[in-house]
Amino acid sequence: MSEILVVEDLVKYFPLGSSGFFDRLRGREVPKVHAVDGVTFSLRQDETLGLVGESGSGKTTLGRAVLMLDPPTEGKVLFEGQLISELKGEELRQIRKRMQIVFQNPNSSLDPRARVKDIISEPLHAFKEFDKGSVNETLLRVMEAVNLPEDSLTKLPHEFSGGQKQRIAIARALVLNPRFIVLDEPTSALDSSIQAQILNLLRRLQDEYNLSYLFITHNVGVVKYMADRLAVMYSGKIVEVAKTRDVVERPLHPYTIALIASAPRLEPERKTGEIPLTGEIPSAVNPPNGCRFNPRCAYAEELCRTKEPELREIVTGRFSACHFAERFLSSHLPRAENGSPDVG
Amino acid sequence: MASKKFLFIFDRQESLVTLSILRSSVVTTAGLVVVIGFLVTSLVLWLTNDAILPYNPSAITSAVLQPPSLAHIFGTDSLGRDVFSRVLAAAPIDARVPIAVLSIAVSLGVLTGTVAGYFGGWIEEVIMRVTDIFLAFPGIVLALAIAAALGPNINNSILALTPVWWPFYTRLVRGETLSVKSQQYVEASRASGHKSRYIAIHHIIPNILPITLVYATLDFGTVIIVFSVLSFVGVGAQPPTPEWGLMTLNEAQYLTSAPWLPLIPAFVILLVAVGFSLLGDGLRDALDPKVRSLFG
Amino acid sequence: MTSETLLEIRSLTVKYRTRVREVKALDGVNLQVATGEIVALVGESACGKSTLGLSIIGLLPQPPAVVESGEILFAGRDLLRLRESQIAAFRGTRISMIFQEPMSSLDPVYRVGDLIAEAIDVREKRKVTRPFGPFEMTNPAYKDGRDGGFKRVFGVRNPRSNRKRAYSAEVVEALRKVQIADPAKTQEKYPHELSGGMAQRVMIAQALIEGPSLLIADEPTSALDVTTQAEVLNLMRSLRDEIGASIIFITHDLAVAAQIADRVAVMYAGDIVELANVGDLFRQPQHPYTEGLINSFPRQFKDEGGLEAIPGEVPDYHTQIVGCKFNPRCRYALDRCRVAQPDLIEVRPSQKAACFLRYPE
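Residue numbers (numbering that gives the first Met the number 0), protein chains in the order written: chain H, 0 to 343; chain R, 0 to 295; chain Z, 0 to 360.
Looking at chain H on its own, in the form it has when it is part of the complex (with noise of 0.2 Å):
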């Protein structure tokens, strides 16, 4: 199975504050925020990879930077074997016809002016090949795809609720037969009873149309979910990456099994108990020393203080960013009583 998308240790920096004419002259260096501060993956054909972190993880500029929305600073993004991330002008909007997005909010992703049919229809009209015929039949293809009524055509987005306005920025992304879609929190604005509707939507569809998903999120029951496999970001940096069975039942980072442990159970007689973590999340712009989850680690050691892990493979297929990181090979969290896994 190939791999639709390689990301090789891609950096995206933002400057704090504006750096004004005259601090450029004086060649004053301007604080950087470190968002994603060297990240590599890939994700395969047909495969959903849930990127799992919390804010200031770097996640959601991750998932951007992959799309060019906001080019990484330095780094290598590979589309389909082609390289983008040095494409810019109309060679890059070329590329965009086959990746696309779908925005957390679906209040503020639709143009609240516009009517469902040009919201749609828009990623269309970008590009001259697309005449009224086949608009018309594509809208109407990509309406069905979605579960809308024909007549939503013609309202505004006020006139629909969350999940529905969020199957029409759905409806949007596959107007142009992309093969990739980044997917932002797309349920964490909408009801719980709603979230079930459209996870299930996005999966029919993954499978009708052979899509590729990156999923972003910081629900570990959504994303156990939707994902095949699992990458787990803190402070910008990727610290696990395995099948997502292995994640969420034999995480082999710290910061992973912390994270399990906190998402909370619909068990009521199984509360979360104390969490193996201190602190806060550090500050992006001056990342501690060493391994930057040290300082909250509850296994830390002198090495973490100093050295900073790389993400390596510690078995066929798993992969952490922990200097100690055989030591939770042995170890499986707790399961329920019936044999379930422990989380939701």
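Hints in this document: simulated from the structure, not taken from any laboratory. Ideal placement from N, C-alpha and C gives every residue a C-beta, glycine not left out.
Only part of the chain R face toward chain H is listed, based on derived beta-carbon distances under 7 Å:
hint: 1; residue: Q182
hint: 2; residue: Y184
hint: 3; residue: A187
hint: 4; residue: A190
hint: 5; residue: S191
hint: 6; residue: G192
hint: 7; residue: P205
hint: 8; residue: N206
Okay, derived cross-link-like pairs now, DSBU-like style, lysine-lysine, Cα gap no bigger than 35 Å in a straight line:
hint: 9; chain 1: H; residue 1: K154; chain 2: H; residue 2: K116
hint: 10; chain 1: H; residue 1: K96; chain 2: Z; residue 2: K301
hint: 11; chain 1: H; residue 1: K306; chain 2: Z; residue 2: K188
hint: 12; chain 1: H; residue 1: K127; chain 2: H; residue 2: K154
hint: 13; chain 1: R; residue 1: K180; chain 2: H; residue 2: K116
hint: 14; chain 1: H; residue 1: K270; chain 2: Z; residue 2: K188
hint: 15; chain 1: Z; residue 1: K184; chain 2: H; residue 2: K306
hint: 16; chain 1: H; residue 1: K31; chain 2: Z; residue 2: K184
hint: 17; chain 1: H; residue 1: K270; chain 2: Z; residue 2: K301
hint: 18; chain 1: H; residue 1: K96; chain 2: R; residue 2: K194
hint: 19; chain 1: H; residue 1: K75; chain 2: H; residue 2: K31
hint: 20; chain 1: Z; residue 1: K188; chain 2: Z; residue 2: K124
hint: 21; chain 1: R; residue 1: K194; chain 2: H; residue 2: K87
hint: 22; chain 1: H; residue 1: K75; chain 2: R; residue 2: K194
hint: 23; chain 1: Z; residue 1: K301; chain 2: H; residue 2: K242
hint: 24; chain 1: H; residue 1: K96; chain 2: H; residue 2: K154
hint: 25; chain 1: R; residue 1: K180; chain 2: H; residue 2: K96
hint: 26; chain 1: R; residue 1: K180; chain 2: H; residue 2: K31
hint: 27; chain 1: H; residue 1: K154; chain 2: Z; residue 2: K23
Chain H is fixed; fit chains R and Z onto it per the hints.
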């Protein structure tokens, strides 16, 4: 492609919704009535060339300083002219000037503001500094200077007043553009592959235009007043042309002896300005998406 | 610890009057909260949970809200019949509230220590300038009051520095109780220097200064990271154990309710549709909506089968539904459900549901 829109913003269904929101409040309905009455009157008078007026507004008679009566509803002025006819005759002028000034100012403002806000960088710097220079002049002083230089007539007044207003709109539009630019639907458009020009025309402008037009309606009364000042000083409308501000200020000396003379035109200015102000407020409400969703 | 009813809400109906129409936010809601109990109000958008919380503490914006009928009984008084000045005496003293966005709720121009000191100061002033009246202090530790440099007899206000010094020990103690590391240093910080979790803890500290018997928490962890949320939930549980306050915990997250609550009230479109002990609710839900919510909560892996979604849309305020409000989406709907509204009846001991399927006949 896109459905037909009135002024880039409303298509037919939305216009009806806007109308029903305006009609739902007594106050804004009053404003709407005044504004429509004013504009219709001006249009009719302009088209019929003052033919339907009861008296010739320039006809000097010997019946001077008559108080309001059945024959002369608003009385007569110091030259025996019928005040009612003069007030009505002034309407087209006091309509034409603000409409012209604001149309040009808003168009220029939208153009420069959108470009400045969307592209940023040195383009924005240049545009905003030029705008700042214009804004540095006190409005009336600037208008007077230009009007005096060009020569006193109504069309020159329009040319004189426009530079006073467009900088405000540039600034307003730039601010709005910056806030719309950061919205996710603009990003979604970029992610779809659209170029900046498309985004500016299809997303930025339709979203900044409503609030801009609201401000324009609120400015209407102010333009009339500034124009009146120009006329009074002698660089705007010239006597004997009827113009509300001119009438008010020229007949001010009769405030104690024939109070209807200055007060009636002054009241008419007030009425029209307030009417537009109420309409503008109502429109601002009507454009609020939360209010709109209540009405369908 | 004997538990008695602290709060009783009877038939509360609240409407919102907009320019065009009137919408019902709460439709005859009944609820009791015992002392020292944590009750979770769970529901999705427009279910009325926030409206209910605000009604209790008297912070509903009226207009546009209108309390049409009902009673809220607390300490022998009907809170809905009190004047603003009377209900204000309850706020911060016997009933406290914390909100979702801790950053917006803390005044950014004051240091954390000053914010807490302000809450203490309000308490002290209440004692001196206006005797507490018919209400007793709930927490005996504060009954004697602290001198704190006050001129008690004439209620002369302390200059700020004196007050800060006087309260400093108590401020540090308050911060320590909410598990803030290094309270002495934290009290010098400004709110924007705090993380979301710390800011929420400061809010909790402020809310608990006067030892209220009821804390209303409106989505206090929804804006926090999941690891921080777990810590704050643990904190709230232990504080309840320590102080004995009751908590009404409003949330949209069923799992959070499972973690924090003793009893859960599931709300849908202005009604409480199920009210039960937390264990019973999740083991044997008696209302189809509760069952649907539990089933649609993603817990399984991608290869372990699908998720059962509740069909249809969550009704917003404007939607008028005839009969049981959940009937359009309910897989078990009977003809009866489409014409009449079921009452909240006891289905099993301490488990109530509003569903015709559970009616005994």
